[in-house]
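Listed here are the chains, written in short residue letters.
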Amino acid sequence: MSTVAPPPQESSDSTEVPELKVVTDATCTFCGCVCDDMELTVQDNKITKAKNACVLGKAWFLNHHIEDRPDATIEGQPASYEQAIERAADILSNAIYPITYGLSDTTCEAQRVAVAISDWIGGCVDTTTSVCHGPSGIAFQEVGEVTCTLGEIKNRADYIVFWGGNPAESHPRHFTRYSLMPKGQFLPNGRKDRTAVLVDVRKTKSARAADIFLQVKPRSDFELAWAMRAIAKGVEIDPSIEEQTGISLERLTEVVEGMKAAKFGVILFGMGLTMTRGKHLNSEAILSLARDLNKYTRWTAKPMRGHGNVTGADNVVTWQTGFPFGVHLGRGYPRFNPGEWTSSDLLARGEADAALIIASDPMSNFSQPARDHLEKIDSVVLDPKLSETAKTATVAFTTSTYGINTTGTVYRMDDVPIPLRPAFDSPYRSDYEILKAIEKRIREKQLNGNLSS
Amino acid sequence: MAETFILIPGRTSKQGVTLNEGKYTDGYLEEINTLQISPEDMSRLQFENGDNIRMWNDFGEVVVPCKTSKGDELPPGILFISYGDKSSRLMAGETHGTGMPDSKGMDVQIEKVSAPA
Amino acid sequence: MPQLLIKGGTVYDPKNNIDGEVRDIWIQDGRIIDAPSDVSTKADKTIDATGYVIMPGGVDMHCHIAGPKVNTARKMMPDDKRLAPMVHRTMHTRSGTTGAVPSTWATGYLYSGLGYTTAFDAAVPPLAARHTHEELEDTPIIDKGFYVMMGNNHYIMKQLKEKDPEKVKACVAWLINSAKGYGAKLVNPGGVEAWKSGQRNVDTLDETVDGFDIKPRDIIQGVARAVDELGMPHPVHLHCNNLGLPGNHDTTFETMKALEGYRGHLTHIQFHSYGGDPDDQLTFKSEVPRLAQYVNENKNLTVDVGQVMFDKTTSMTGDGPLGYFLHKVLGRKWFSGDTEMEAGCGIVPIEYRNKSMIHTLQWAIGLEWYLMVDDPWRIGMSTDHPNGGSFMAYPEIIALLMDRGRRQEVLDKAPDGVAERCSLADLSREYTLYEIAIITRASPARILGLQNKGHLGTGADADVTIYSRDDDIQRMFELPRYVVNRGEIVVDDGEVRSNAEGKLLHVAPDFDLDMIPDIQDWFEDHYTIQFRNYPVDQNYLSNPEQVPTTVPS
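Same order as they appear, the protein sequences are chains H, A and F.
Numbered according to the working numbering, the first sequence terminates at residue 452, and the numbering increases by one at each position without gaps.
Numbered according to the working numbering, the second sequence terminates at residue 1556, and the numbering increases by one at each position without gaps.
Numbered according to the working numbering, the third sequence terminates at residue 1024, and the numbering increases by one at each position without gaps.
Isolated chain H, as found in the complex:
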């Protein structure tokens, strides 16, 4: 049996007098920016200062407290860890159509074990990608993607288009650290050397940061991007594009000309595209537009990923199964079909009969029919905090928090892998440890069953 190397734990001796500790080069996993330049001041089990963190990062670190909850509960009652592992292994082994879901807020080490469990039990494995940039993943499979790491944007991008997202609120340091503001290798004057455009239906806080704001009518992003592709190619566009999209042909032509004249451009796009009618076609239009512009100059595109390790989840599920999300392993080998084996659908159609949910709260953000079904079936839930999903779980584990209490690896939104440097130990086990124990128990049951038969 191959084993994933357990993440090394920084040891701590609880009998020592707590000291002030400073953890440098720590990583914030709250959003997909995964800033790894945190300087955390730690006193006891509390982070008292989080230098370099943004408003979200500060909230992430400074509010982090160990909740006083049982290690595990079974049907809402406190249970021993061993009992909970046994029950979890039972539920997952005995299920006919189990699903594994979540995974975007945990380490790659834990994700790897979660996919292993799904494989051994022949279930489905899906991540929160399916309800964030899953459609962009589908678009990627259609047309590919011309992209780059965030450092390329920092060092080269003289034209930046933010589309269908509000980074000022969702990724607060993106502007200052990676995209809009920093001085770059080939952009010595930083912001002054860059042109920024925001395309959105709302005039959000991010609009203030942009030079040009294109207020697109809701549900017309595809039409707008497709028109821009046409304009870039010199295809004539009817002025009625303004009625469709809210943007005049003249204005649009001006922007496209600016994009073509740039030296290195990037479109950073958000869930305004993927969650709206059109979904993968919206993303496909954006990816195609950026690709086309490489005929004239260098252009790239990149989805703005949300959760701290959602990009790692895509990578892990892909390298182990060949597909990024919505994977069915029930026939003994991986198959992929969004809409069929994605969690929201499996639940809403009432198909899954058990669920393993890691660091996610579908009871708060899935559709009503999906929630109704999830509530009915047996579920095993791992979460550091109490959530609606943990409340309805058959077996719930309280976990330590990745990046704050446990080490491991996470992937930034641009697929750059980054190590975690935890601030202090948690009394609770990590997702990795719990999943590893569940896997071990499931394998024992399978192999013993095999021997006796």
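Worth flagging that the hints you see were computed from the coordinates, not collected in a lab.
Among the hints, a few may not be true.
[Stated by the list, open to error] In silico PhoX-like cross-links for lysine-lysine, where the CA-CA straight-line distance does not exceed 20 Å:
hint, chain 1, residue 1, chain 2, residue 2
1, F, Lys516, F, Lys478
2, H, Lys294, F, Lys804
3, H, Lys390, A, Lys1462
[Unchecked claim] Ranges between beta-carbon positions, derived for each pair:
hint, chain 1, residue 1, chain 2, residue 2, range
4, A, Glu1500, H, Arg190, 44 to 50 Å
5, F, Asp883, H, Gln445, 49 to 55 Å
6, H, Pro69, F, Arg502, 47 to 53 Å
7, H, Asp291, F, Pro556, 34 to 40 Å
8, F, Ala979, H, Gln445, 48 to 54 Å
9, H, Glu66, F, Lys516, 51 to 57 Å
10, F, Val1022, H, Glu66, 53 to 59 Å
11, F, Arg502, A, His1535, 55 to 61 Å
If you're wondering where the values come from, they're calculated on a predicted model, not measured in any experiment.
Ideal placement from N, C-alpha and C gives every residue a C-beta, glycine not left out.
Using the hints provided, position chains A and F relative to the given structure of chain H.
Just chains A and F now, kept in the frame of chain H:
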């Protein structure tokens, strides 16, 4: 008579901040449960901040307090609410073969049910 | 510790000059041991190999099996997998997908099933080394490692411009140590940076790279020198400029000449041996004779082939401008990924068809290389998996090399123009089993500087492949009877019986640590991660083996 609006749920930084304080804190619940309406629509419909609004479509129904959106952030006809429990109750189970429910840009109807308590 | 005896097989072990002799092989603790002096000693387990062909485990010195580029190709190509054979979960092994780019577990099982016990990924940007290690850890059974891309690294280019070879050397060593990599890789040196900056590409060894005021020739010579001076076991691993373009043989020839005085390994040389006019595909022809003659005469050079086979595959490369070129030519979906300060990437699906004159000629050019390099110790078998084809095609390539008639059958059906544009029809050479054992295991191991691989002498890693003799050579090599890795029987009659984790092979060249602050200053000015978060810690590796460097006296 209720009229049709387009609802755009989205993430806010306040949501992200209060989330870290806990999903059951007043701050988080207030942030994710308040419906923002453009100033033009607020005055035309004679809504006041804090009025409870019933918002529904074919898939679900929620009742949430409203407030006037800031400046020109929202054009008339568009509503905003934090992406979360309330907005998701208005999503269909159907994903049109993508895995992704229609989670933004949904057609909804609204009407006032009561003034603030 | 239990002993394993492989008894009475016909052994082909070129490093030890054993050419088809009946021998016993004793194994203990994962290594080949001397036969016990007491002849009555009984092994704990004995494989009766009478009548079987025994070779060291295969060594693939150039393939793409792990890391960001490989995984991106997996993500991009669900269409490739749906119709490909599936790898089913068993009681002891994991499931997976195949096609041009198998999933990690499948990769380990497929290589093992083919009798290969070691494989090296050829192109990893150091910024993604951690990712590559994670995938390799999930790639079971085989031993593995990777090469670190540095042919477009800004710091190296800057120090070459400053004519500071000590800093170049320090940076090469620092990158290898940080990534926990095995070799230094140059991919289209200077050309990838040109793609990233909008210059598009560099066409000759002497075209200046925008913004850096240096030439590809400087990069090739500077890094080759550093690798030699650091005593790295494997020479600089070079993907030349102008890959795939008609007329690129001049660039390749200039590159070979530029390596005079240094060791150099030219990879997937097939893709770099084309005559003709770059603007007219119809003028395409082989220039292998000229290049192979140069290799024959210059012992500092080695090559692997990058054989093209007729099949659907996915091209993946650190050569960003090449990806764009293929996208333009083929009109298929395209991935391009630029990595800050160091590298690029291009991925495009491709199908090589035997009805295409160009593709058939590429196939013939690859075979010409195998047949025209006189000394098999200086050539390694590769398809540049998956670029020219899958590693699963190796048995078919072996059959083509051992059977002239089989090559002629393909040529007989080849499109017009192929025969006269290459010399394949005139090459009567047929490989022997001994020579096959050289180019599939002994020479790759030697070129890599792996003392314990590619042979069956005492102390070698106990990686052994046991084939049933078969008149059908392809079938013989497709289905080994047993495969032993580190002394464990991992494949028995086509069934993968192991899920063990192989070793991670890496090197750690010594260098002047006082050079680090200068690198750090540069790094902190330009990268978007912290300097301390860049290197992969030693404790991150789960089963490492550090291969020694040898500083020349």
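The hints, checked one at a time:
| no. | hint | in the structure |
| --- | --- | --- |
| 1 | F:Lys516 to F:Lys478 | holds, 10 Å |
| 2 | H:Lys294 to F:Lys804 | holds, 15 Å |
| 3 | H:Lys390 to A:Lys1462 | holds, 12 Å |
| 4 | A:Glu1500 to H:Arg190: 44 to 50 Å | holds, 46 Å |
| 5 | F:Asp883 to H:Gln445: 49 to 55 Å | holds, 53 Å |
| 6 | H:Pro69 to F:Arg502: 47 to 53 Å | holds, 50 Å |
| 7 | H:Asp291 to F:Pro556: 34 to 40 Å | holds, 36 Å |
| 8 | F:Ala979 to H:Gln445: 48 to 54 Å | violated, 40 Å |
| 9 | H:Glu66 to F:Lys516: 51 to 57 Å | holds, 54 Å |
| 10 | F:Val1022 to H:Glu66: 53 to 59 Å | holds, 56 Å |
| 11 | F:Arg502 to A:His1535: 55 to 61 Å | holds, 59 Å |
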